Every structure is written in structure tokens, then in C-alpha cells.
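**Student:** Listed below are the residues making up each chain.
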Amino acid sequence: MKVGVVTFPGSLDDVDAQRAVRIGGHEAVALWHGDHDLRGVDAVVLPGGFSYGDYLRCGAISRFSPVMSEVVTAAERGMPVLGICNGFQVLCESHLLPGALIRNDHRKFNCVDQRLRIDNNRTPWTSAYAEGAEVTIVLKNGEGGFVADEPTLDRLEGEGQVVARYLGGNPNGSLRDIAGISNERGNVVGLMPHPEHAVEDLTGAGTDGLGFFTSLVERAFA
Amino acid sequence: MPRVVVDVMPKPEILDPQGKAVLGALPRLGFSGVTDVRQGKRFELEVDGEVTEAVLADVHRMAETLLSNPVIEYFTVHVDETVVTA
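Keeping their order, the protein sequence lines are chains A and B.
If you're matching positions, the first sequence starts at 1 in my numbering and goes up one per residue.
If you're matching positions, the second sequence starts at 223 in my numbering and goes up one per residue.
By construction, these hints were calculated from the structure, which means they are not laboratory data.
If you're wondering where the values come from, they're calculated on a predicted model, not measured in any experiment.
A few of these clues could be false.
Now the in silico label distances, taken between C-beta atoms and shown as ranges [to be verified]:
{"hint": "1", "chain 1": "A", "residue 1": "Asp149", "chain 2": "B", "residue 2": "Gly271", "range": "15 to 23 Å"}
{"hint": "2", "chain 1": "B", "residue 1": "Tyr296", "chain 2": "A", "residue 2": "Met1", "range": "39 to 47 Å"}
{"hint": "3", "chain 1": "A", "residue 1": "Glu200", "chain 2": "B", "residue 2": "Val256", "range": "49 to 57 Å"}
{"hint": "4", "chain 1": "A", "residue 1": "Val15", "chain 2": "B", "residue 2": "Leu251", "range": "38 to 46 Å"}
{"hint": "5", "chain 1": "A", "residue 1": "Arg185", "chain 2": "B", "residue 2": "Gly271", "range": "40 to 48 Å"}
{"hint": "6", "chain 1": "A", "residue 1": "Glu27", "chain 2": "B", "residue 2": "Leu248", "range": "52 to 60 Å"}
C-beta: ideal position from N, C-alpha, C; glycine also.
Pulled out of the complex, with its shape left as it was, chain B reads as follows:
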């Protein structure tokens, strides 16, 4: 079954306290060299049937009305072709 992925990220100008917390934890675990962390959300939508342009347009509408808040977040949509096995 095809899967459409929506990635939602805080806009660059919006403070991301969760990302900052992760960034702060990395050196404590001995990981060095990471200069910034931004934390977002990934939505995997299982789609019934073929992923047509109309389906993608629908997903865009879902992303801008519910999955993201355009005031503080931006999103990207892509189709995941990987076959999922149970």
C-alpha cells in the first residue's frame, strides 16, 4: 500500500526548546560535533489506491489545515515507495 509522508518542522525563526534540549544532551553522552538540532514531526499516511495528483493535493490540504500550524511550522510532502510488509 502506498504511503505518503508529511514532514513538519518548526520554522527557522521559531524557537525550538525540544531541539535545544536534545542538543544539550548529546555532549553529555559523549557525542561531539553537532552544532544544532531541530525537532519536528513525521506523519506516514497509508493511502488506499494509487497516489494521484488529486491525492497529493488532498494531503497538502490536510497538512496545512491539521498536521501543521502554518504560523509556526512548515511542511514537506513526499511519496514513500518502500513496500511495507507486516
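The shape of chain A in the complex, shown without the other chains:
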């Protein structure tokens, strides 16, 4: 599959995400924030970083970039979209996902090997995992506290839209230990931890993140 990785001004992990896409067995296609088309990709990754300097709010300016209009339209038609960290923030600001990410409750930037549980393996990004799988994936953020009102949180849990939860202590104040969610359809997933940094034994805490990039293939052959 052709997987587009968007680079915004201030993106940090776009090249790592492209690399993870290739290790996952796909063709990585670089997309620029100013692009008006998605170059025929089958899926899109919005990478981590500090797009537009995190000015105003994280992801607030990126939401209105030309490429995001295309991403929103494609996502609404069912294209798989994965937003990692800053990409998750962009998806919330774009209203493709409910809720918002606010500053960590302890006010410090966090950089840890984080234990997670995959609560929903029925998305195109998580089908490679067993439901309830416990994995370790790098987490690094300053504004990773997931918040939404109570009815929204209840709905996310009731509809199985919580994709991943933090284990072993909440690292950023996210309500109900939520590390990642999906939209109702399941094709759009936002995740605060960084699976693209957990795809090779040489670096990082292992290869538990690889499943996010191999799931697309397994779905195609399912």
C-alpha cells in the first residue's frame, strides 16, 4: 500500500514515520502541508512534532493547511488515517476525533518507555495486535492529557473507540487512562505514544510499535 506521511513546518518525526511505514512493508509517500492532493495514497500518517510551532494551540494552525482539507475529505470517505502525538492533536482540532489534548497535569515534558494495552484491535491500524495485548511504546509529550466531557468519554468506552490505554500509572493526566482513540467508523486513529519509534531492536525499547504499520497489510489480505 502507499502510505502518505505529512510534513508540516515543525514536524519532527515525519522521517521516522516514513521509515516505519517502509519497515511495515509499505511504500512511504512524502506529503507536504501545502499540497492540494494526496498523490494517490491509500492511507495517511500525521506524524509527531511541533507543527507551526504549536502556536495558538497544538494542531490548531495545521488543521487549516491545504493538505488537511484533503485528509479530512478522504478520512470521511473511510481512508485509514493515523495521527501520532502532534498528529493526534491535529485530528482532534480537525474534529475528525472527539476531545482535545491539554498540557500534562504534572506540567513536565515526559519521555518514557510506556506500557500500553491495546483495547481495540478492530481498526485498520491495530488489527495486527491481539485484543488486550500489552505492549511497550515510547511516549514523549508535553501536552498529552486527553480530555473530553463525561458523555463523550462514556460513548468512547461504550462504542469501543478507546484504542489504547496507559498501564502502570497515568503519565500525563489523560482521563480514564486513554492513550489512543478512534472515530466511530474506526478508520481514523489518534495515539499519543510513538509506535514509529518502536519498530527496530537497534533503537528504542523493542519492536512493539511495528503492528501499527503492518496492520494495514493484514487487513488487505483479511
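Dock chain B against chain A, hints included.
**Tutor:** Chain B in isolation, oriented as in the chain A frame:
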């Protein structure tokens, strides 16, 4: 030139870690008696021409689409009549 001010604040139920940090710093500087601090943003929009109802309606749309995130923030709009001199 007229100026329209948009104040954006975190909703009361949303945790405000920055406000908490400021609240924690005040007693260390010898200021007492402050029981809570909420930190927000103030936008000053210089407007070309008169501030009509249509202009204010536009500013409201700007505030709800870009200047604030309605999931976590609320905003107020008012016209600042103070004359700005260079």
C-alpha cells in the same frame, strides 16, 4: 482604528496546569490571599473601518473556528474603544 478583543479561557471543568503553576509561584514571591488562577489568551483584532454587527458576527466565527477550541475553551468578545497611538 477600532479594536475588537477576544478573550479565551479554559472551561471551568478543564484542568489548567499553567494557572496552577502561577498559583504555586505567588506565595513563593510573598503574595498571599490568591486562592485560584486561571490562565487564558487575549486576542486584540485591529479592524478596518467601523465595528458593525456584521464585523462582530465575523469575529465570533473567527473565535469559534480558530481562536478557541470549543471542546476545552470558551470565549468572550468586546469592542475596545481606547484610541491607540503609535
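**Student:** Hint by hint, say whether it matches the structure.
**Tutor:** Outcome of the hint check:
no. : hint                               : result
1   : A/Asp149 with B/Gly271: 15 to 23 Å : violated, 39 Å
2   : B/Tyr296 with A/Met1: 39 to 47 Å   : holds, 42 Å
3   : A/Glu200 with B/Val256: 49 to 57 Å : holds, 50 Å
4   : A/Val15 with B/Leu251: 38 to 46 Å  : holds, 44 Å
5   : A/Arg185 with B/Gly271: 40 to 48 Å : holds, 45 Å
6   : A/Glu27 with B/Leu248: 52 to 60 Å  : holds, 55 Å
In this structure, the one hint that does not hold is number 1.
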